[in-house]
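From first to last, the protein sequence lines are chains A and B. Start counting the first sequence at 1; every next residue gets the next number (this note's numbering). Start counting the second sequence at 106; every next residue gets the next number (this note's numbering).
Incorrect hints may have been included.
Distance condition first, Cα-Cα at most 27 Å in a straight line; then the derived BS3-like pairs of lysine-lysine [said to hold, decoys possible]:
#1 B:LYS636 with B:LYS647
#2 A:LYS99 with B:LYS438
#3 B:LYS500 with A:LYS99
#4 B:LYS620 with B:LYS653
#5 B:LYS438 with A:LYS80
Examples of chain A residues lying across from chain B (beta carbon under 7 Å, computed) [said to hold, decoys possible]:
#6 PRO77
#7 LYS80
#8 GLY84
#9 THR91
#10 GLU97
#11 GLY100
#12 ILE103
No lab work stands behind these hints: they were computed from the structure. Don't be surprised by glycine CBs; every beta carbon is placed ideally from N, CA and C.
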Amino acid sequence: MALLRFCCTTARGFVKRGLILQSTYTACPGTAGYASGVTKDKEPLKKAKTPQGRFDMEETESKSKDVLERFPEDVNPETKEKGGPRGPEPTRYGDWERKGRCIDF
Amino acid sequence: MAAVCAASRVLGRKIVSSTALPAVCQTSNRKLHFSIYGKRGDAKVSDAISTQYPVVDHEFDAVVVGAGGAGLRAAFGLSEAGFNTACVTKLFPTRSHTVAAQGGINAALGNMEEDDWRWHFYDTVKGSDWLGDQDAIHYMTEQAPAAVVELENFGMPFSRTEEGRIYQRAFGGQSLKFGKGGQAHRCCCVADRTGHSLLHTLYGRSLRYDTSYFVEYFALDLLMEDGECKGVIALCMEDGSIHRFRAKNTVIATGGYGRTFFSCTSAHTSTGDGNAMVTRAGLPCQDLEFVQFHPTGIYGAGCLITEGCRGEGGILINSEGERFMERYAPNAKDLASRDVVSRSMTIEIREGRGVGPDKDHVYLQLHHLPPQQLAAHLPGISETAMIFAGVDVTKEPIPVLPTVHYNMGGIPTNYKGQVITHKDGEDMVVPGLYACGEAGCASVHGANRLGANSLLDLVVFGRACALTIAEINTPGEKLSPLKPNAGEASVANLDKIRFADGSTRTSEIRLNMQKTMQSHAAVFRTGDVLKEGCDKMDSVYKSLDDIKTFDRGIVWNTDLVETLELQNLMLNAVQTIVGAEARKESRGAHAREDFKDRVDEYDYTKPLQGQVKKPLEQHWRKHTLSYVDPKTGKVTLEYRPVIDNSLNAEDCAAIPPAIRSY
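Generate the whole structure from the sequences, applying the supplied hints.
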């Protein structure tokens, strides 16, 4: 907690001494637009890419790797179970199966 | 914190004014309810045991050893009742093995169809092959709906039906109308992570109360005096200090002992510490020979491959590439029942047709099936096979062998959770000692556990222990005096192991024990195989005297802790194999080739009229109680009758024994 406070005060400290460009300051989400009370277009906070850029995964890539698909609104269409396990029914072979693995409790 | 302050001093003198940053980094002044370093203000250091190992003495109203599902439930149940409770655990609570349970909890809530807990009672008694104590089963199944509703009130996110009630699914062994009404839907679950969710819910709930957690404290032994349990002595792994927890009530919830076998699904920490502590205190353990196996567990990893693989067309092959199940079950082939498949696999391995460098497992072949079919019916199996077995399931077979995944036996208790011994034909309560969870054996599972009953067992008996203690005691009672050098033997043992300088390493002895148990006390049990196993285990036990450890330190000495765990495992292993050798019948999970039938007091295959009841010594419908002499490893067996009457005959009639067939 104290670390964050320190960084925050440091940033403001930098700005006060004019070491950071004014434009970066206004881009700071803490103050831009909200103070005036005008509703802005909701821009998602863009995560800055790491210098290499290769550790950032694309949004779609992680979803396609998921073998077991999410049900729409988390409700299983056949059994109408809400919040149940994804994929085919785990108890269909008489044990609890998930991804080929049996978890015998 | 200090680094930040240093950095600020270097950078910040010119940039940040002194008023913007507080002069001194403030420490949190919120009073945490659990002690961080394990030494509370009122703990006293004494050197009554040894000057080399100063001992810290703590005093509590109750101590719970183990923080899995049962341990946490007992701990906060006690704190809720106002007792000053300590929870001593060698793992952080959310890392206990309960977290691996994916399945659900059985309860007769009646959300999917009309249901009655008496039908659940019948299913459990039948599942246990009439070795379960019917009063404990009555207690558990009657409390089940209330327990599940309580969990749900604690915040456990069960999956729901459209109306918002808890969704229950069908699971093996559950029926309606005492077996005559078809499949029952009783299993409540949380997506596919019920155990994980249960543990986190219980842990979160327990933080509301004033329990003192002593995390990463390895419990060494019970402090027994005059047959009464007065507390626990434990080693703090973090700094190597010894702690004695004096309490009027001790609850053991340390889990099972899967790691005695070479192939098991349990965590590396499932080492039966509670069972061993009780054995060293001279008390018996019950029914340790009943161990549940699953035929296809991945070699090395210990994960189980679902039976659906064989259902979809997978076949088991041996080193000659032969589909050996055709010889053992000509009609059903690979779809034969679990025990037949497990036994066939073990026979193939014993006869030398196993695969791999040690010839100790077989292959499960799936690459002859079309890949689209595999992906459609068993999504995710290629991922599982690659991660755990390192094989591409569309090209290579998966190495499998029968794997242990649950221990039905444990510390004998009555239905209230109090530990009992058997003297002169009567059950006697050991004052001050309680057990619950997989470590305890109130014998609800008997000879075979039904899936989804184990999570129920944890919460019901964890709560039962807390209720019993609250009933009998009041918080803040004065503790009875304890000898100043209590626990000396445990510390001496610790010291001996820490400086052990024999010739065999801990890992070698452990592997010997595991391989012996896997080949002799696994699925395939016959008289001579078991006898050979008993002799081999005897020599492995004796090889413990020649152990060599390498780490001489005391701070976070994992070599020492693993050796202590090995001692505990060894005690469990000898009791398992000797108990199995002595039990000359097949019942539930204990199946013998030479004695294929159940031996009860009457022959239940024929009408009871005109039959003479056999005395206890001549039949096997009884619990095994095993004692071990820790110095020699010699096991003595005694027997105790099964409790056949339910708690209240009008409420729920007891089920008379019958032949178990599904």
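Restraint check, 7 Å cut-off on beta carbons, for GLU97 (chain A) near chain B: Since chain B brings a Cβ to about 4 Å from GLU97 (chain A), closer than 7 Å, the hint holds.
Chain B contact restraint for LYS80 (chain A) - C-beta distance below 7 Å: Result: holds, 5 Å to nearest chain B Cβ.
Can the hint on ILE103 (chain A) be confirmed by a CB-to-CB distance to chain B that is less than 7 Å? 4 Å, holds
Below or equal to 27 Å on CA atoms is what counts here, so check LYS620 (chain B) against LYS653 (chain B). Since the Cα atoms of LYS620 (chain B) and LYS653 (chain B) sit roughly 20 Å apart, the hinted pair holds (cutoff 27 Å).
LYS500 (chain B) and LYS99 (chain A) were given as a pair; does the straight-line alpha-carbon distance stay at or below 27 Å? 18 Å, holds
Interface hint status, GLY100 (chain A) versus chain B (Cβ within 7 Å): 3 Å, holds
Check the hint pairing LYS438 (chain B) with LYS80 (chain A) against an upper bound of 27 Å on the C-alpha distance. Violated, at roughly 36 Å.
Hint check, GLY84 (chain A) versus chain B [nearest Cβ-Cβ separation less than 7 Å]: With Cβ-Cβ at 4 Å, under 7 Å, it holds.
Taking 7 Å as the limit, does the beta-carbon of THR91 (chain A) come near enough to a beta-carbon in chain B? Cβ of THR91 (chain A) sits 6 Å from chain B, so the hint holds.
Given the hinted pair LYS99 (chain A) and LYS438 (chain B), is their alpha-carbon gap at most 27 Å? 24 Å, holds
Would the pair LYS636 (chain B) and LYS647 (chain B) pass a check requiring their Cα atoms to be no farther apart than 27 Å? With a Cα-Cα distance of about 17 Å, the restraint between LYS636 (chain B) and LYS647 (chain B) holds, given a limit of 27 Å.
Report holds or violated for the interface hint on PRO77 (chain A), using the least CB-CB distance to chain B and a cut-off of 7 Å. 12 Å, violated
The structure does not agree with the numbered hints 5 and 6 stated previously, though it agrees with the rest.
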